[in-house]
Each structure stands twice: as structure tokens, then as C-alpha cells.
Amino acid sequence: MASQTNEEALESCIESSLLKQGFYKGENKDFNKEYAIDEKRFWDFLESTQADELEKLKRDPQYKLKIIQRLDKMIKKYGILKILKKGLDVDDAHFKFFFIAPLASSGQEIQKRFASNQFSVTRQVTFSNANPLLELDMVLFINGLPIITMELKNHWTGQNARYHGIKQYKEDRDPKEPLLNFARCIVHFAVDTDEAFMTTKLEGDKTFFL
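When you read off a place in the sequence shown, starting at 1, and then add 471, the result is the number in the numbering used here.
It is possible that part of the hints are untrue.
In the DSS-like style, the derived pairs of lysine-lysine whose C-alpha atoms are separated by at most 25 Å in a straight line are [claimed, not checked]: (1) Lys511 <-> Lys500; (2) Lys553 <-> Lys583; (3) Lys647 <-> Lys553; (4) Lys567 <-> Lys583; (5) Lys544 <-> Lys647; (6) Lys537 <-> Lys647; (7) Lys511 <-> Lys557; (8) Lys567 <-> Lys537; (9) Lys567 <-> Lys556; (10) Lys496 <-> Lys529; (11) Lys672 <-> Lys556; (12) Lys548 <-> Lys537; (13) Lys544 <-> Lys567; (14) Lys496 <-> Lys583; (15) Lys647 <-> Lys677; (16) Lys537 <-> Lys553; (17) Lys553 <-> Lys672; (18) Lys641 <-> Lys548; (19) Lys583 <-> Lys557; (20) Lys557 <-> Lys527; (21) Lys556 <-> Lys504; (22) Lys548 <-> Lys535; (23) Lys641 <-> Lys677; (24) Lys527 <-> Lys511; (25) Lys527 <-> Lys583; (26) Lys638 <-> Lys504; (27) Lys544 <-> Lys504; (28) Lys548 <-> Lys504; (29) Lys677 <-> Lys638; (30) Lys529 <-> Lys511; (31) Lys500 <-> Lys557; (32) Lys504 <-> Lys537; (33) Lys553 <-> Lys527; (34) Lys544 <-> Lys557; (35) Lys677 <-> Lys547; (36) Lys556 <-> Lys527.
Cβ-Cβ distance ranges computed for the label pairs, FRET-style [said to hold, decoys possible]: (37) Lys527 <-> Thr664: 22 to 32 Å; (38) Lys527 <-> Lys556: 15 to 25 Å; (39) Tyr634 <-> Glu510: 28 to 38 Å.
FYI, nobody ran anything at the bench for these hints, they're computed from the structure. Heads up, the beta-carbon is just placed ideally off N, CA and C, and yes, glycines get one too.
Please construct the entire structure, taking both the sequences and the accompanying hints into account.
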């Protein structure tokens with residue numbers, strides 16, 4: 472079998488490593504472009520960990536839309552980190568979107584809650600309604616909420632992260648897209664087999680990578 476030396480091989484390697492660590496394998500079809508969430512993981516997490524809070528809202532047939540619209544509004548106002556830390560109030564319900572990692576001295580309940588988090592990785596995410604053919608190589612999620620995007624490059628194909636990956640983010644990744652809004656994701660990476668560069672804010676040619 473011929474060895475893979477393209478970006479797909481690098482994607483496969485990263486994905487395989489994450490899946491071995493307990494990540495779920497996400498599907499592009501589950502990604503909601505308008506609200507930038509993996510709906511399958513998002514609702515599965517809430518149903519499996521906070522069904523009692525969901526029940527408070529289910530009298531409204533549009534309760535799911537109410538939740539994600541409220542979530543979208545609060546992320547735009549405060550950023551994803553505050554939502555992960557503080558959770559979200561919707562009417563008389565309160566939702567947590569991340570259970571913190573336990574300490575060595577933590578009790579079983581805290582350990583159980585952390586284990587209920589759903590970390591996932593999705594490859595080739597079509598993120599734009601305006602340009603439906605545009606794809607991000609990889610997106611990592613916590614409980615359906617995106618935290619990391621990646622553009623992968625490979626020297627064997629004549630491309631690298633330092634130039635081509637960064638250029639792609641600056642020129643072809645519109646920060647007006649919901650997934651790429653500032654503070655929606657925690658960080659964006661341009662990666663190849665030798666180097667990785669990161670930014671927390673996409674703003675076209677002004678984007679600064681470390």
C-alpha cells in the first residue's frame with residue numbers, strides 16, 4: 472500500500488490519536504452553520520446530564536430553538552469561555568456546558584460528571600452558508616460547542632503552516648462566519664508536520680499568529 476503523505480494523512484493521524492483518548496468522531500452533517508454547534512453532541516450531552524433542566528422548558532414546542540438562540544446571544548456578548556465556566560440561564564432553567572476536571576482528592580460524583588463531558592473531533596467541516604463548499608480541515612468540540620479550529624498543511628504537497636496555513640486563515644476564512652466569530656472558538660491553529668501557529672482572533676490581514 473502506498474504511504475499517505477498528504478493533508479488527509481495528517482488529519483487521520485490527529486483524529487486517530489484523539490479517538491484513542493476518548494473523543495467522539497463527529498459528523499459534518501450534525502454541524503449547525505447558523506449557530507456553530509454540533510447538534511448531535513450538544514443535545515445528547517444535555518439530555519444525558521441535565522434532563523431535569525430541559526424538562527422545565529419542554530412545555531414550549533420551540534424549546535430547542537429558544538436554548539440555542541439564547542446561547543448564541545450570550546456567546547456573542549460574553550464569549551465561549553464564560554459560558555463554559557458559568558453556564559447559561561434560559562427562563563427558569565440553568566444549564567452547564569462543561570464539568571471541570573476532578574482533583575486527585577475529588578469525590579466520585581465530580582469524577583462522574585467530568586466523565587460525562589463529550590469531547591469530539593470533526594473533519595472537513597462545511598461552516599459557511601454563503602459559500603457551502605468552504606471547509607475547515609478539523610474542528611474540536613466540547614459538548615457540541617466548538618473550541619478549536621485547524622487548517623492542516625503538509626510539506627510533501629509543497630505547503631506549510633507558516634505561509635499557506637496562515638494565508639488561508641487571513642484571506643479565505645471570514646471572521647463574520649458564526650464559527651469564526653471572535654470568542655466563539657478559543658483558538659485557531661495552522662499546523663503542519665513540523666510547526667504549529669495559533670491565533671485567538673481572526674481579523675483578515677490584521678490577524679496575528681504566534
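Results of checking the hints against the structure:
Proximity of lysine 511 to lysine 500 is assessed by CA-CA distance (about 9 Å); at most 25 Å being required, the pair is judged to hold. The suggested pairing of lysine 553 with lysine 583 holds, with an alpha-carbon distance near 23 Å, which does not exceed 25 Å. A threshold of 25 Å between alpha carbons decides the hint, and for lysine 647 with lysine 553 the separation of about 21 Å falls inside it, so the pair holds. With a C-alpha separation of about 15 Å, the suggested pair lysine 567 and lysine 583 falls inside the 25 Å cut-off, and the hint holds.
The straight-line distance between the Cα atoms of lysine 544 and lysine 647 is roughly 15 Å, inside the 25 Å bound, and the hint therefore holds. Pair hint lysine 537 plus lysine 647 holds up; C-alpha atoms about 22 Å apart against a cutoff of 25 Å. For the hint pairing lysine 511 with lysine 557, the CA-to-CA distance comes to about 22 Å; that is within 25 Å, so the pair holds. For the given pair, lysine 567 sits about 16 Å from lysine 537 by alpha-carbon distance, which is consistent with the 25 Å threshold.
Distance hint between lysine 567 and lysine 556 is fulfilled; the C-alpha atoms sit about 8 Å from each other, no more than 25 Å. Proposed proximity of lysine 496 and lysine 529 is contradicted: the alpha carbons are some 29 Å apart, above 25 Å. Taking the CA atoms of lysine 672 and lysine 556, the gap is about 20 Å. The hint holds against a cut of 25 Å. Proposed proximity of lysine 548 and lysine 537 is supported: the alpha carbons are some 17 Å apart, at most 25 Å.
For the given pair, lysine 544 sits about 16 Å from lysine 567 by alpha-carbon distance, which is consistent with the 25 Å threshold. Restraint check for lysine 496 and lysine 583: satisfied, since their Cα atoms lie roughly 21 Å apart, inside the 25 Å limit. A hinted pair counts as satisfied when its Cα atoms are at most 25 Å apart, and lysine 647 with lysine 677 qualifies at roughly 14 Å. A threshold of 25 Å between alpha carbons decides the hint, and for lysine 537 with lysine 553 the separation of about 19 Å falls inside it, so the pair holds.
Between the alpha carbons of lysine 553 and lysine 672 the distance comes to roughly 16 Å, so the proposed pair stays at or under 25 Å and holds. A C-alpha spacing of about 24 Å is found between lysine 641 and lysine 548, which places the hinted pair at or below 25 Å, so the restraint holds. A threshold of 25 Å between alpha carbons decides the hint, and for lysine 583 with lysine 557 the separation of about 19 Å falls inside it, so the pair holds. Pair hint lysine 557 plus lysine 527 holds up; C-alpha atoms about 19 Å apart against a cutoff of 25 Å.
With a C-alpha separation of about 24 Å, the suggested pairing of lysine 556 with lysine 504 holds against the 25 Å cut-off. Of the pairs offered as hints, the one joining lysine 548 and lysine 535 holds, with about 20 Å between alpha carbons and a cut-off of 25 Å not exceeded. At roughly 8 Å between alpha-carbon atoms, lysine 641 and lysine 677 fall within 25 Å of each other, so this suggested pair holds. With a C-alpha separation of about 21 Å, the suggested pairing of lysine 527 with lysine 511 holds against the 25 Å cut-off.
With a C-alpha separation of about 24 Å, the suggested pairing of lysine 527 with lysine 583 holds against the 25 Å cut-off. Distance restraint check for lysine 638 and lysine 504: the Cα-Cα separation of roughly 23 Å lies within the 25 Å cut-off, and the hinted pair is therefore satisfied. Taking the CA atoms of lysine 544 and lysine 504, the gap is about 15 Å. The hint holds against a cut of 25 Å. With a CA separation close to 19 Å, the supplied pair lysine 548 and lysine 504 stays within the 25 Å bound.
Distance check on the hinted pair: lysine 677 and lysine 638 sit about 11 Å apart at the alpha-carbon level, within 25 Å; holds. Between lysine 529 and lysine 511, the direct Cα distance comes to roughly 18 Å. Compliance with the 25 Å bound is thereby established for this hinted pair. The suggested pairing of lysine 500 with lysine 557 is violated, with an alpha-carbon distance near 29 Å, which exceeds 25 Å. This hinted pair checks out: lysine 504 and lysine 537 have alpha carbons roughly 17 Å apart, not beyond 25 Å.
As the CA atoms of lysine 553 and lysine 527 are separated by approximately 23 Å, the hinted pair is consistent with the 25 Å bound. Our distance criterion of 25 Å between C-alpha atoms is met by lysine 544 and lysine 557, whose separation comes to about 15 Å. With a CA separation close to 21 Å, the supplied pair lysine 677 and lysine 547 stays within the 25 Å bound. The suggested pairing of lysine 556 with lysine 527 holds, with an alpha-carbon distance near 22 Å, which does not exceed 25 Å.
The hinted range of 22 to 32 Å is not satisfied by lysine 527 and threonine 664, whose Cβ atoms lie roughly 49 Å apart. Take lysine 527 and lysine 556: their Cβ atoms lie about 22 Å apart, and the range 15 to 25 Å holds. Separation of tyrosine 634 from glutamate 510 is about 35 Å and conforms to the stated range, judged on CB atoms against 28 to 38 Å.
Violation of the numbered hints given earlier is confined to hints 10, 31, 37; the remaining hints are satisfied by the structure.
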